[in-house]
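*Asks:* Sequence:
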Amino acid sequence: MFVDSFPDFQKDVTSREQIVELQEEARRAREELRVLTKVSNVLLSPEALRDLQTVYRTIYQQLKSLLPIDFFAIDRYDQRQEKIIQEFKVEDGEILSFPANKALPPLFLEFLGQEEQALIFYSTQEEWMRIKAAMPRLADTLENDLSLPSGRKPRSGISLVIRHEKEPLGILTALSFKEHSFERQHLDMLIAISMQIAIAIKNASMYSELRQALKIAQESERLQNHFLMTASHELRTPLTAVQGYLELLDTFSGTLSEDTKKQFLSNAHRASEELGLLLGNIMDASRIDQDKVEMHLRSIRLLDPICTIVEIMEPLLIRESRPVEIHIPDTLYVIADELRFRQVMLNLIGNALKYSPAPQGIAIRAESLTYDQLTDRIPLTKQIAPLSVQQRYAVVALRDWGPGIAPEDQQRLFTKFMRLNRAINSTQRGAGLGLYLCRQLTEAMNGYIWMESEGIPGEGSTFYVALPQSE
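Numbering (this note's numbering), first residue to last: 192 to 662.
Treat each hint with caution, since some may be false.
Under the rule of at most 25 Å between Cα atoms (straight-line distance), these lysine to any residue pairs were calculated in the SDA-like manner [unchecked claim]: (1) K607 with Y655; (2) K323 with P297; (3) K393 with K323.
Don't read these hints as lab results, they were simulated from the structure.
Predicted, not measured: the structure shown is a model, and the values here were computed from it.
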């Protein structure tokens with residue numbers, strides 16, 4: 192009787208085991224759905240646009256409740272730098288700190304380019320077999336150094352590429368100190384979550400770019416408003432001077448001496464020239480921004496346009512007893528637009544005289560340098576524009592003995608509408624476009640401009656203009 196009923200009993204036990212398995216699978220499915228729902232809600236929240244670290248922490252906490260994770264990491268791929276930047280790491284429940292923008296070794300980039308975008312390994316040996324087959328160079332690098340920050344060795348884990356459509360955005364890694372901790376269903380779940388992480392990273396990136404664009408637009412609007420106020424004041428000042436001298440001549444012509452009349456006319460003429468320079472800078476800066484400035488590059492003797500500008504400034508130099516030293520070889524030629532180069536030198540010499548007290552003079556020198564000599568001369572803190580390695584350069588150095596410019600102000604000096612606080616509060620006129628225009632024109636002639644100063648009053652500043660040398 193018992194023997195006859197045993198098969199039925201066995202079937203009943205098997206059925207019960209199957210029911211238990213189905214119930215366990217259903218429970219796991221509910222937990223996975225709960226985790227996916229929680230992660231989705233976090234990734235879709237407004238905070239995800241501003242604080243990815245909190246999002247990563249929530250994802251880890253939710254996954255930890257389901258998976259045997261001892262180490263969890265999300266590393267972001269920076270396409271511009273072509274680096275994988277460490278973003279978020281947790282070991283044994285402790286969030287790890289590391290230097291900002293710390294990158295993984297370059298060989299990890301190989302993983303992003305593999306057809307197999309996810310790796311699940313059940314033991315260290317199995318992982319090496321897989322990596323060696325797909326990424327031999329990476330395997331050789333890691334073979335003796337597969338350890339976590341604590342020094343412990345992972346025994347199983349999952350690593351996959353975070354992708355938005357076909358664009359790689361980073362790497363997600365979950366590791367365990369025990370073997371056989373992960374199953375295929377865990378990989379499927381992490382793949383689903385990585386897709387949501389990709390959307391969050393992409394949205395956060397676009398949000399950051401929009402915020403930066405808004406900041407730039409607001410700063411541009413602020414600068415333009417400041418420029419309009421400054422320009423209207425700066426333009427009105429020389430115009431008022433011209434009108435004033437002409438009115439004096441008209442009203443008191445019969446009582447003024449000839450020398451006084453000539454002085455009034457000279458002053459009015461100088462004020463009109465200053466007005467013309469201000470207007471010219473404004474118009475040329477606008478043309479440059481719209482790429483409408485035409486360059487007529489040809490071989491010119493470097494000394495000629497510099498002497499022309501010094502002659503233009505001669506009345507001021509004589510009146511203020513300012514000496515000018517010029518040490519430029521007669522045989523030094525450059526490839527430049529002569530008109531635009533004169534404009535650069537007019538702005539530079541005008542600034543040197545404007546911001547240094549009379550009777551301090553200026554010194555203008557020039558020399559021929561190779562590319563290597565030039566790049567060695569330019570301080571490392573300066574931003575070097577593209578220059579030709581094969582080209583020799585003629586470098587003009589304009590030295591003044593004014594108050595100098597503080598190092599913290601020098602980086603901003605060649606930007607649009609830029610005027611130092613000292614200049615804004617002084618009686619000297621300017622729209623903040625002169626040095627910006629000098630930089631744009633010099634670089635349009637395939638050259639480079641920079642300045643050096645210790646910011647010590649009386650030591651002054653030296654402005655350098657490098658232009659391609661003509662044989």
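*Asks:* Confirm or reject each hint.
*Replies:* Going through the hints against the structure:
1. K607 with Y655: holds (19 Å)
2. K323 with P297: Given that 25 Å is the threshold and the Cα spacing comes to 17 Å, the pair holds.
3. K393 with K323: violated (32 Å)
The structure shown violates just one earlier hint, number 3.
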